[in-house]
Amino acid sequence: MTKLLLENILRFLLLILAQVFIFKNIGYYNLAAPFPYIMALLLLPVRIPKTLLFLLAFLTGITVDMFYDTLGMHAAACVTLAWVRVIFLNLTLQDDDHDSFASPGIGQMSFRWFLIYAFVLSFFHHLTLYLLENFTLNNILFTLTSILFSCIFTTVLIVLFELIFYRRRKR
Amino acid sequence: MRNLWIFISRYSTFFLFILFFGIAVVLVIRNNSFQRASALNSSNQMIGKAYQNVDYLKGYLSLNETNLALSRENAALRALLKSSSYDNNVVVNITRDSLQEPEYSYIEARVINNSINQKNNYLTVNRGSKHGIQKGMGVISSKGIVGIVLNVSPNFSTIQSLLHSDTRISASLAKSQAFGSLIWGPQAHDPQKALLRDIPNHVKVEKNEQVITSGFSLFPPGIIIGTVLETGLSSGSSFLDISVRLNNDFSTLQYVYIVVDRYSGEKENLETKNLEND
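Chains as they are written, first to last, in our numbering: chain A, 1 to 171; chain B, 1 to 278.
Hints in this document: simulated from the structure, not taken from any laboratory.
Incorrect hints may have been included.
[Unchecked claim] Covered by chain A, according to a simulated footprint, are these stretches of chain B (three or more residues, beta-carbon under 8 Å): (1) 171-180; (2) 199-207; (3) 250-259.
[As the list claims (entries may be wrong)] A few chain A residues that face chain B, going by a derived Cβ cut-off under 10 Å, partial list only: (4) Glu7; (5) Asn8; (6) Thr63; (7) Thr70; (8) Gly72; (9) Ala77; (10) Val79; (11) Trp83; (12) Glu133; (13) Asn139; (14) Ile140; (15) Phe142.
Quick reminder that beta carbons are idealized off the backbone N, C-alpha and C, glycines included.
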């Protein structure tokens, strides 16, 4: 239990730091920007209480917002992600899986499941984020394009991290 | 209350989402200038639209008063129009001539009321006693005679039209100079025809012969009245009845001239003495 807590806190800190100091500066012009910090929310234990999940999502978002000077946007996006996460897990997991405190990583789930999971969640995160950032439906086509590319970018990064750090540990 | 609590806990995910998302959106709008500006802007637009609709509905409620005010204003504006003002500018043409003293002068007038289809027809013109019109004066137009002034008020006069059963005008035939009286009425109610009576039997009358004023009446001599249409409508006596097509189109009369005869008073005075002698 302590190990789980420590692991999550450490992951959270590392991902936030990586996000605000490294990935903030990376981007494909204005079209695609990666937000791999949402991995911290993705890998929270399956049976985490909903209230705690939403609170953590909100706090994560606010923390990133502070560095991005966009107070509230990442928070809203992360809260949306948390909601989609709850629905997604309800739809795809069996009841006995819900009892597990384990993270829904590649180690526990299949690669295909994790890919879809990361893609769907990051898609909703980016959708909320970009729509809030633009706050207008003008140029909606460009916005949707950048949402899609950012989403692919983020998903690829998350899957890579997962493969690099966790696959090996399992073995 | 219990049911409400069950409801909320069943859909707790959704309510949590709404709660945190709401907080985040409030933070976004409060702390980011562009989002705040556009949020305020769109809400202002919505409010403006709502006010506009309410105002539109309110407009219906006050439609009655608005209509009243508008119609009053219309009446006031209409009163300022040129057509609603009375034209007081009279042009009287009198020839100054030391050799021939002019007898007749003419006052132009505009017909403001007219009828042709009654048994007795009258006209109203916009000149009256103020302009020197008196009862009994003759009225002509550019095409022929019109009638006799019947009543006079300061600004208006009524004219007994030629198309009146009591109107009798002394008329003569242009060639033979034989005179009779022109009447309209009992037998003929056609506004384009009149009867010339009291022309003796021996006078030769031709078709299309002109009928003119004789000069024995209020009118200057030689003013055209019409043309002979039919002759020989004998009434069984020694006089002819001649049907006359009137030259004047009474249905389109607009401007007429009132004939002022300088000596008419003198003539009448003299003529009344004839009757005294009888």
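Hints and how they fare:
Look at the region 171-180 of chain B against chain A: 0 of its residues bring a Cβ nearer than 8 Å to a Cβ of that chain, fewer than three, so the hint is violated. Coverage of the region 199-207 of chain B by chain A is violated in this model, with 0 residues showing a Cβ closer than 8 Å to a Cβ of that chain against a need of three. Only residues whose beta carbon comes within less than 8 Å of a beta carbon in chain A count, and the region 250-259 of chain B has 0; fewer than three means the coverage is violated. A least Cβ separation of about 24 Å between Glu7 of chain A and chain B goes past the 10 Å threshold, and the interface hint is therefore violated.
Nearest Cβ of chain B to the Cβ of Asn8 of chain A: about 19 Å, over the 10 Å cut. The hint is violated. The beta carbon of Thr63 of chain A comes no nearer than 13 Å to any beta carbon in chain B, farther than 10 Å, and the hint placing it at the interface is violated. Below 10 Å, beta-carbon pairs count as interface contacts, and Thr70 of chain A has one with chain B at about 6 Å; its hint therefore holds. Checking Gly72 of chain A against chain B: minimum C-beta separation of about 3 Å stays under 10 Å; hint holds.
Below 10 Å, beta-carbon pairs count as interface contacts, and Ala77 of chain A has one with chain B at about 8 Å; its hint therefore holds. Taken as an interface hint, Val79 of chain A checks out: its beta carbon lies about 4 Å from the nearest beta carbon of chain B, inside 10 Å. The interface hint given for Trp83 of chain A is met, as the beta carbon of that residue sits about 4 Å from the closest beta carbon of chain B, less than 10 Å. Evaluation of the Glu133 of chain A hint against chain B yields a held restraint, the C-beta minimum of about 8 Å falling below 10 Å.
A least Cβ separation of about 14 Å between Asn139 of chain A and chain B goes past the 10 Å threshold, and the interface hint is therefore violated. Residue-level restraint check for Ile140 of chain A is violated (minimum Cβ-Cβ distance to chain B is 15 Å; threshold 10 Å). Checking Phe142 of chain A against chain B: minimum C-beta separation of about 17 Å lies over 10 Å; hint violated.
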